[in-house]
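Protein chains: 2
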Amino acid sequence: MKKEKEKIKIIPLGGLNEIGKNLTAIEYKNDIVVIDCGLKFPDDEMLGIDVVIPDVTYLVKNVDRVTGIFLTHAHEDHIGALPYVLKQINVPVYGTKLTLGIVESKLREHALLGVVDLREVKPKDIIKLTSVSVEFIKTNHSIADSVAIAIHTPLGVVLHTGDFKIDFTPIDGKVTDLTRFAELGKKGVTVLLADSTNVERPGYTMSESIVGESFEKIFHGAKGRVIVATFASNIHRVQQIITAARKYNRKVALSGRSMENIIAVAIELGYITIEEDALISIDSMGKYRDDEIVMITTGSQGEPMAALSRMAASEHKKVNIQKGDLVILSASPIPGNEKLVSKVINQLFKQGAEVVYESLAEVHVSGHACQEELKLMHSLVKPRFFIPVHGEYRHLKQHGELAVKLGLSEKNVYIGENGDLIEVSRTSIRKAGTVASGQVFVDGLGVGDVGNIVLRDRKHLSQDGILTVVVTMGKDTGSVIAGPDIISRGFVYVRESEDLMEKAREVVKEALAHCEEKHITEWPTIKATIREALREYLYEKTKRRPMILPIIMEV
Amino acid sequence: MKKEKEKIKIIPLGGLNEIGKNLTAIEYKNDIVVIDCGLKFPDDEMLGIDVVIPDVTYLVKNVDRVTGIFLTHAHEDHIGALPYVLKQINVPVYGTKLTLGIVESKLREHALLGVVDLREVKPKDIIKLTSVSVEFIKTNHSIADSVAIAIHTPLGVVLHTGDFKIDFTPIDGKVTDLTRFAELGKKGVTVLLADSTNVERPGYTMSESIVGESFEKIFHGAKGRVIVATFASNIHRVQQIITAARKYNRKVALSGRSMENIIAVAIELGYITIEEDALISIDSMGKYRDDEIVMITTGSQGEPMAALSRMAASEHKKVNIQKGDLVILSASPIPGNEKLVSKVINQLFKQGAEVVYESLAEVHVSGHACQEELKLMHSLVKPRFFIPVHGEYRHLKQHGELAVKLGLSEKNVYIGENGDLIEVSRTSIRKAGTVASGQVFVDGLGVGDVGNIVLRDRKHLSQDGILTVVVTMGKDTGSVIAGPDIISRGFVYVRESEDLMEKAREVVKEALAHCEEKHITEWPTIKATIREALREYLYEKTKRRPMILPIIMEV
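Chains L and Y, in that order, give the protein sequences. Note that the first sequence covers residues 1 to 555 in UniProt numbering. Note that the second sequence covers residues 1 to 555 in UniProt numbering.
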């Protein structure tokens with residue numbers, strides 16, 4: 001056998017050192033296989049930004065070799081960037097039935113349906129490309145129809161777990177395909193890329209079915225309406241709510257746009273079983289007694305515009321929370337959402353509802369593998385090299401340590417960064433370079449037109465507001481003809497600070513007089529003089545630093 | 001005995017439906033006893049605000065009857081508003097030795113030391129006022145020298161627990177004075193006000209001493225520097241770090257302004273025991289081997305300006321994190337700080353440190369009573385009426401339910417709001433009115449000069465920035481002489497959006513032409529026309545809504 005010169009290249013463009021915008025390119029010879037295409041929700045610092053997507057310049061440059069985008073499951077952090085990325089590279093998209101069903105409704109919103117080549121796959125399917133083939137393997141996760149992806153290359157298998165847990169009693173009866181992972185392990189996995197989200201949690205993630213048991217107990221005692229908030233995409237969770245509702249003779253109403261859309265897809269594709277007359281519209285709830293109703297709603301993260309938040313704040317058009325309602329928050333707050341969720345809980349209590357949430361009952365389980373499940377996966381797969389993915393640095397690092405504890409050599413663990421070009425052979429893993437990567441901000445219709453300078457300005461404006469100073473000057477004389485006028489926004493409540501603003505005007509006048517006296521005529525210098533004088537005065541008086549925007553008009 | 005017509009009045013001005021700015025006025029005849037005077041840190045929505053303090057208009061109006069401010073302990077949410085409130089009502093401040101020690105250093109910063117009458121008390125002390133007397137009772141909390149306060153009135157005792165837990169093995173050996181609570185219960189407590197923070201947690205809060213055991217284990221294995229981040233005010237925590245340091249022959253260096261200040265006070269007042277040569281300065285750390293050093297630092301909440309965050313980001317002037325450092329985060333993230341804390345943990349790992357935090361080891365315990373401790377307190381005190389305090393609505397509500405489970409009648413539980421005027425007799429509790437209350441924003445030197453309109457503007461500015469449109473018009477002709485000029489900040493990156501900005505200028509020109517054509521000369525109408533035209537154009541093109549600020553200059 002002649003020595004192979006070709007290497008496998010693994011290029012994470014998102015998902016490392018962050019939870020979100022997962023996208024990994026895996027290359028061998030002429031095939032580039034893209035796994036997932038997710039978005040990230042903005043940090044607190046990214047003021048006004050709607051979503052963040054990965055920079056895919058590398059894929060655009062190599063588009064002729066990109067064989068397709070292969071999806072592991074239909075969560076936003078794995079499919080949310082598709083509409084934006086597909087506008088840049090129109091390649092086939094592979095996914096399981098439910099995944100593509102949800103992708104379709106997303107593409108429809110972006111007027112991309114029909115333009116994109118969607119290719120449905122099932123677990124165990126193998127797609128043959130030029131030099132590699134791509135296999136899909138059943139996993140469990142907090143959305144149905146999730147898969148891991150194995151790429152078979154002449155240098156061995158590259159195995160990407162996707163997001164996964166191991167649930168021995170899943171709602172659809174289909175357990176993570178441990179046998180196949182074991183087979184691949186025996187055959188020889190060169191590189192494993194695995195979900196690191198829950199690596200800090202010892203033990204096992206509980207089975208989804210435990211939540212159903214909680215629902216049954218809670219429904220059993222409920223006397224009024226039951227309202228359950230959860231992620232629309234958690235199809236099995238919704239199925240369990242529906243099952244409990246049937247048992248206690250309650251009709252089911254759906255609330256929230258994404259809940260209605262996704263559940264419609266899930267019912268149509270057969271992922272949710274519900275009797276035909278069990279589903280009612282919100283409008284027809286009035287026809288039933290309170291103890292005949294279950295609502296399933298969005299808003300489990302306290303999102304201000306979601307249905308549950310609007311109900312809690314008495315701002316929902318059709319539903320008011322009433323005494324006797326039992327509200328179940330069937331979700332954990334995602335880090336950063338704790339205060340929003342807490343606010344909704346407070347409001348629900350105030351409206352007279354009983355509220356049940358994770359710290360009070362087992363109404364949620366995670367979708368990600370804890371330490372013992374990760375150990376099981378590593379032990380079955382026995383990879384030669386390991387790249388922890390899907391996590392912040394703390395998670396990647398600790399996932400690496402877990403692999404080392406299981407016997408992997410430290411030098412065979414690669415803790416990477418987005419943009420790393422990782423070269424893998426049968427015997428080595430190394431960083432061979434860096435490609436363009438990063439975050440692209442989506443704000444309204446703009447993709448990438450807001451950058452760090454704009455964000456810095458928004459931050460500045462948000463802290464102390466802005467003072468605009470306008471002066472009209474004579475074109476010939478260079479002396480002040482009108483103004484200075486000062487208009488502030490977000491700085492002080494002007495009616496209570498008239499003195500301050502009046503004196504600020506004096507300060508600008510003095511600065512202008514100084515310029516005239518010194519025969520300073522360059523506008524940039526005049527503006528800088530105004531800005532400096534005003535900044536100093538305001539800081540002394542208020543210890544604040546508003547943005548100062550001097551404008552000179554010439555007539 | 002003649003019937004008493006006087007009622008006890010209880011007026012919470014802060015601390016209900018919120019965690020923070022605790023301040024409760026308790027009145028009987030001519031005595032107003034104020035318990036605590038705290039601040040609150042701003043919510044995410046309060047852009048640019050430094051701290052929030054309670055509205056004390058009611059106390060200002062009744063200042064002649066305010067007998068003093070009685071402090072339960074020296075946490076910011078109980079003492080932080082003192083400098084602001086004492087400027088409005090200069091009344092005596094009562095507190096235990098450490099509490100006043102910390103208050104003093106706070107007043108010094110505000111140049112109020114010497115102006116305020118500080119009166120030191122000890123547990124068991126009773127201060128006799130005109131119609132009531134005020135007793136201090138030892139409690140345990142996450143700061144030393146905390147007390148509950150009992151107000152003895154002719155209508156029975158009003159008992160305020162302050163923040164408390166029950167620690168049978170506290171570091172200073174002084175357990176919450178359960179005997180005195182039992183005695184008061186036997187004598188007859190008319191109203192109990194009690195800490196609701198941890199009412200959602202079953203069981204008991206662990207003893208502070210368990211953290212010391214963890215420290216010993218961790219220090220035992222440490223080979224490099226040990227860096228522990230905790231709250232400066234957690235004197236006993238700091239003591240335990242010092243004790244562990246001594247055991248393992250390490251010197252102690254303090255980092256962060258509040259850490260240095262508070263520990264200096266604690267050492268001076270005898271609340272911390274440390275050998276004279278055990279404390280070293282950061283500057284002299286170089287003289288010791290890494291395994292001879294413990295640093296105690298601020299920044300356990302990931303505060304961007306605190307010492308630990310600066311070390312983690314390589315922005316600290318004197319300390320760089322190095323491989324081999326062991327960093328212990330001895331604190332829980334306060335709700336809202338999770339992402340900041342996570343960021344610091346990631347950075348520390350990246351710098352090569354080992355990081356130990358709550359989810360990995362027992363390096364923190366709460367300072368607040370869990371359910372079983374609350375039940376013990378209620379069972380000893382056996383109050384006639386109960387007002388849950390120190391919590392969001394969810395906590396108050398559940399604390400009320402806990403009291404009912406212990407046998408109190410539901411009508412004897414009062415779930416209140418800030419500003420409620422609650423009247424209590426021996427046999428009744430009821431809302432008798434409302435007084436002015438609310439939140440006063442402190443921003444720089446301004447106290448109350450930033451209100452909701454300014455915050456709304458800051459929010460608006462933070463989302464999509466601002467476009468300033470300037471036009472110079474002739475005084476006589478009313479026609480445009482110069483401009484329109486458009487200057488944007490925080491909207492788009494102008495160099496990449498020249499087209500958009502140029503067309504926006506055209507839109508404004510058209511709007512101005514329209515006004516001239518229709519002989520519209522009123523500035524407000526012209527401005528509104530500009531704003532409307534530009535808003536519509538920009539929303540269509542970008543789906544964003546920046547603030548639009550038209551300015552007309554007249555020459």
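Careful: at least some of the hints might be erroneous.
Because identical chains share one entry, a pair is satisfied inside a single copy or across any pair of copies.
[Claimed, not checked] For lysine-lysine, the following DSS-like pairs were computed, each having C-alpha atoms within a straight-line distance of at most 27 Å:
id: 1; residue 1: Lys97; residue 2: Lys527
id: 2; residue 1: Lys527; residue 2: Lys223
id: 3; residue 1: Lys317; residue 2: Lys251
id: 4; residue 1: Lys87; residue 2: Lys543
id: 5; residue 1: Lys343; residue 2: Lys459
It should be emphasised that the hints constitute simulated quantities derived from the structure, not laboratory data.
Checked hints:
Taking identical chains as interchangeable, the C-alpha atoms of lysine 97 and lysine 527 are never at most 27 Å apart, the minima being 61 Å within one chain and 54 Å between chains. For the homomeric pair lysine 527 and lysine 223, neither the shortest alpha-carbon distance inside one copy (69 Å) nor that between copies (57 Å) is at most 27 Å. In this assembly of identical chains, the alpha carbons of lysine 317 and lysine 251 lie at most 27 Å apart only when taken from the same copy (20 Å versus 64 Å across copies). With identical chains, the CA atoms of lysine 87 and lysine 543 are at most 27 Å apart between copies only, with a shortest distance of 19 Å across copies and 48 Å within one.
In this assembly of identical chains, the alpha carbons of lysine 343 and lysine 459 lie at most 27 Å apart whether taken from the same copy (24 Å) or from different copies (19 Å).
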